[in-house]
Amino acid sequence: MTSHTTAALPAGSESAGNAPGEKAPRSSSGFGRYLINRISGTIVSLIAIVFSAFFIFRVLPGNPVENLMAEFENPSPELQAALIEEWGLNDPLPVQFWNYLTGLLQGNLGTSIQFGVPVNQLFADRLFPTLLLGGVALILAVILGYGLGAQAAWRHGTGFDRRTVYTALVFFAAPTFWVAMIAIIIFSRELRLFPTGRMRSAGAGDNFFAQFLDVGYHMILPTVTLTLMMYSGYLLTMRAAMLDEMGNDYLTTARAKGLRDNVVQRKHAMRNAMLPTTTVVFMSIGNLINGSLITEMIFSWPGLGYTFYQAISVPDYPVLQGLFVIFAGSTVLANLAADIMYWFIDPRARKA
Amino acid sequence: MSTETATPSTPPSPTAVRLARWKRSAGSTWKEFRSQKGGMAGLIGLSFFILLAIFGPALVDSSALSVTQATGGRMAPPGDGYILGTDEFGRSVALLTLMGARVTLIIGVAAAFMGMFIGTTVGIIAGHFEGKISWVLMRITEWFMNLPTLVLAVVLVVILGRGMLVLIIAIGVTSWAGTARVIRAQTRAVEGRPYLERARALGAGHGHQMSRHVLPNVMPLVMASTIMAVAGAILSESTLAFLGLYDPDSLSWGMMLNRAWSSGGMSAGAWWYMLPPGFMILLVVLCFTLCGRALETALNPRLRK
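As given, the protein sequences belong to chains Z and D, one line each in that order.
Take the first sequence: its letter number 185 is residue 185 in the UniProt record's numbering, and every next letter is one higher.
Take the second sequence: its letter number 49 is residue 49 in the UniProt record's numbering, and every next letter is one higher.
Rather than coming from a laboratory, the hints here were simulated on the basis of the structure.
A few of these clues could be false.
[Said to hold, decoys possible] One-sided and incomplete, this derived list gives chain D residues near chain Z with beta-carbon spacing under 10 Å:
(1) Ile159
(2) Ser238
(3) Leu245
(4) Leu283
None of these values were measured; they are calculated from a predicted model.
Note that the Cβ used here is the ideal one computed from N, Cα and C, for glycine as well.
The shape of chain D in the complex, shown without the other chains:
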């Protein structure tokens, strides 16, 4: 890879040309994105949550999270040194909520990336090849698209066992179909462009066409679709965790709600135990959705009005 900047006298290297073009298009997308209030609000919110997930746990004294060393009363309402009350062990709900950001985001992002990988691969192959391969791939995609995905994910977790990796796989495997369809449609649009015809005429193989020409062109759309997918994955994670399909010791927001439910928080009327984690899920999902929608609008002139 020769990423050295070319001297003015020699013609710029292909990499430099590509970088410059990429920079220009990213710049115009960013300008378009910035003009959308909702998208910017989402982006600011996301930055906040990401900082919280990275640095939040460092601020917490681990003894405050230990079940045996907890000092508060059992499911005590807010006040008395605990701004958001305590859980069934007497731990601070505020601290638990702070800690939950990391696990929730990790699972959401990892599952969305897994879905993105499967969806993009299937979408590009189905769009590039015509005939049987495309037909078979699209039937599989359609099948995953129609399936009640929660049911399939639950079955997968029940059989494969609880744990972070299983949860990520279950969500990733059940969430790629939408991406595959969008990417396939976009691939077909790209396939008609003259430079692909030129590449074919020069003897480029299928792999080269797909990875060097189609993929860079569908990449922006893949990103928008992935950001939306993170929102869905976080909702799925919280639902699966709430159904008790996750490691009970894990500190995700869905798991907090599961414990609030299973430890009798409803009959105790412990709203302080349920409001914060659910509200955090809502906010994170909303931020991802707003960002994804804004990015889609910025990339697709047809959506602009």
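Here chain Z stands alone, though its shape is the one from the complex:
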């Protein structure tokens, strides 16, 4: 979870791939082989997620029923027995695993303890708000991070560069939930500019446009918080990638052709620096999920992250387990997408 640190910062930027095990000569490969490679890696990861979701919840020392009973004043033995029966905890482990697998394949993730509805139905209701908030914040963070990072590198060593980097480091060091709390106190409680939470207000009109404005209004504070939490990683990566490009001769050539400075920057240097940075963006989906979880919680944003928070204190095991699979699975798929995209945008990756 250094969450926050390792994935976003340019660590050892070494190409992820070169999986051994295939003995074919490199030159004969091609997109098909590359794709099969990546997809098989993804499938292995997905299987690992499905397995670990099962084993973390069954095998670690810690009894879900006992944990749950601790929340009640006078837990009755009948309730306890009923829960053990409901979760099939008396069955032998292989049987439990089989039931879990077949359930998962049919999209059956169990029933939520606190809401009493099927987990997959709960997730379906709460998926859209998460995608909306996370998606908009991600786009804003990429624009902000790429733009400022490229500018900072271009003006390397100036006051602008220093200020940009230090601002990013400060936002990077600030706990997301704290930034959100401060934002609520200043902008909602004191200035009364924005709502303190939730996605809609009760009085909003029925038509689409009124709803759209209402949701947009509720989105402003959480989106800004999440954007500020994420942009610094992209900024630092972009700046480093840009600095790497800046010594190259093709920039001198471009300048010698008489191109204006900002054209050289945008059309030549930035275009190349975007390649490594874009992989980092895809690899940071895990960070986005971490950040969304906290942001949604503070702003009571009715998405999957808020659901996860609601499930923590119960603890609502079926919900926690289902969200673990979904969150981890989506990061793995995002990485597959990054690998596939990388093939098309960077010919150098094809050698791997």
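Following the hints, put chain D in place on chain Z, whose structure we already have.
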């Protein structure tokens, strides 16, 4: 271990040679580090926080922290003898903030060291051996790298129960992947050097190669990576504590923010209860990040411009 200094007439012992070489390289790294303003600011800040964590609690009268003996008003604003106001029990926020440094730093440093240990071990083994072992280890590393680590850490704490050790394990287990990748890359660079070839030719086993030749060479990088990891671990600790996944009686900054939140500090507009602990987290994390970045730059000539 013969660490006795060798007399001028006899040739210096291998340990002495190693010590002298180590001293020289540490000296040049320090010179490079010192030239970076940000890194020095971070180092000074860190020294301050470490002193605070060691001696701070000794300055506090324990009755001032007792919930029943508190004298202040409930969530009173600053003033009236309390420079930073009071919490929901009437205790001084300034004292609580002072106390929080110790728990926060202990968890952050311990978790980072645990992550460092796992990451370095995996990184060196994956870099040293080729083929299946390396492949399997790197798939595991990649998997941990991609995972939304907060989600995994939360699940671990929920299942294993609350407490300092569980928190350290949860953060350590979820934060080593970045270190492993960096160390693996560095190990591969070291593996190509002639002295390792010589050691292999002389019949050195894998264990000897890894512990005596690779490890000392990747150690500086491990240190830089660990310092950065402490920053991440402190942020993780504060987040987990804020989510209520820590012992409610503990006095970490994240726990303070959790109580400020859950006891209605937001609707009371008790900014004095929230600003100090969050600001302390920000400063500590910033100091660790600045130090780590400066050390990385000092160790890696390619990063210098």
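### Message
For the restraint on Ser238 of chain D, tell me whether the closest CB of chain Z is nearer than 10 Å.
### Response
holds (5 Å)
### Task
Mind checking the CB of Ile159 of chain D against every CB in chain Z and telling me if the closest is under 10 Å?
holds (4 Å)
#### Entry: Residue hint Leu283 of chain D, partner chain Z, criterion CB-CB below 10 Å
holds (8 Å)
### Task
Go through the hint on Leu245 of chain D and say holds or violated, using the shortest Cβ distance to chain Z against 10 Å.
holds (7 Å)
Hint compliance for this structure: no hint is broken.
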